[in-house]
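Position 162 (the sequence shown) corresponds to 162 in UniProt numbering; numbering is contiguous.
Derived by calculation from the structure, the hints in this document are not laboratory data.
Careful: at least some of the hints might be erroneous.
Label-pair ranges, simulated between beta-carbon atoms [as the list claims (entries may be wrong)]:
| # | residue 1 | residue 2 | range |
| --- | --- | --- | --- |
| 1 | E40 | K159 | 15 to 25 Å |
| 2 | Y83 | S126 | 11 to 21 Å |
| 3 | K167 | H102 | 11 to 21 Å |
| 4 | S115 | Q28 | 27 to 37 Å |
| 5 | D150 | Y83 | 35 to 45 Å |
| 6 | E39 | H102 | 21 to 31 Å |
| 7 | E21 | V101 | 32 to 42 Å |
| 8 | N136 | M36 | 33 to 43 Å |
| 9 | S129 | V152 | 14 to 24 Å |
| 10 | A116 | T157 | 33 to 43 Å |
| 11 | G48 | N136 | 32 to 42 Å |
| 12 | N104 | N47 | 16 to 26 Å |
| 13 | G48 | T70 | 14 to 24 Å |
Yeah, the Cβ is synthetic: ideal placement off N, Cα and C, and Gly gets one too.
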Amino acid sequence: MASFSTQAPTTATNPVKPQGESVTKRLQQELMQLMMNSEEGTTAFPNGDNLFEWIATITGSDGTPYADQTYKLSITFPSDYPYTAPTFKFVTPLFHPNIDVHGNICLDILKEKWSAAYSVRTVLVSLRSLLGEPNNDSPLNVVASGMWDDQVKFAATVKQKYAEAQK
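Kindly generate the complete structure, drawing on both the sequences and the hints.
Here you go:
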């Protein structure tokens with residue numbers, strides 16, 4: 001198995017501290033679970049050898065405006081994971097009511113509803129579901145939120161934005 005850095009990223013809100021084995025062990029267990037039992041339409045792996053920085057993908061579900069489109073995300077784990085939620089951010093630009101132009105996500109389980117019982121898999125499944133069922137009561141992208149009720153126009157805009165992102 002590959003050797004991973006157990007050093008959390010240095011940020012103003014996350015200074016590097018000696019890492020407990022429990023965080024590293026939890027991340028290794030989650031990675032192994034994802035590798036052994038992947039969830040349809042999702043992937044997640046460490047970005048290089050840093051166990052605290054991952055790259056994930058989500059493919060939109062059939063029957064949604066995002067069907068057959070694959071979006072890349074970054075995942076950054078805090079030094080006190082799983083007691084604090086990781087940061088998920090879309091790298092691939094995405095037109096969605098709950099995702100802003102910078103890739104930030106409005107999803108309660110990544111904020112006030114976070115629980116240490118959640119895993120990367122839980123969040124990826126929730127994000128994949130969010131693509132087809134946005135929460136228009138809490139939009140980050142008001143243009144997308146306002147367009148959601150016109151599914152033909154919304155789907156055309158999603159496809160256009162995705163095509164632009166692929167160039």
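Here is what the structure says about each hint:
Evaluation of the 15 to 25 Å hint for E40 and K159 yields a pass: the beta carbon distance comes to about 22 Å. With their beta carbons about 19 Å apart, Y83 and S126 fall inside the hinted range of 11 to 21 Å. Here the CB-CB span from K167 to H102 is close to 19 Å, well matched to the stated 11 to 21 Å. Checking the proposed 27 to 37 Å range against S115 and Q28 shows it is violated: the Cβ atoms sit about 20 Å from each other.
In this structure the supplied range 35 to 45 Å holds for D150 paired with Y83, their Cβ-Cβ distance being about 42 Å. E39 and H102 have their C-beta atoms about 26 Å apart, which keeps the hinted 21 to 31 Å range intact. For the hinted restraint 32 to 42 Å between E21 and V101, the CB-CB distance of approximately 39 Å keeps it satisfied. A beta carbon spacing of about 36 Å between N136 and M36 agrees with the range 33 to 43 Å that was offered as a hint.
A beta carbon spacing of about 22 Å between S129 and V152 agrees with the range 14 to 24 Å that was offered as a hint. Taken as a hint, the range 33 to 43 Å holds for the pair A116 and T157, whose Cβ atoms sit roughly 37 Å apart. Between G48 and N136 the beta carbons are some 37 Å apart, a value that agrees with the proposed interval 32 to 42 Å. At about 19 Å, the CB distance of N104 to N47 agrees with the hint of 16 to 26 Å.
Distance hint check: the CB atoms of G48 and T70 are about 21 Å apart, consistent with the given range 14 to 24 Å.
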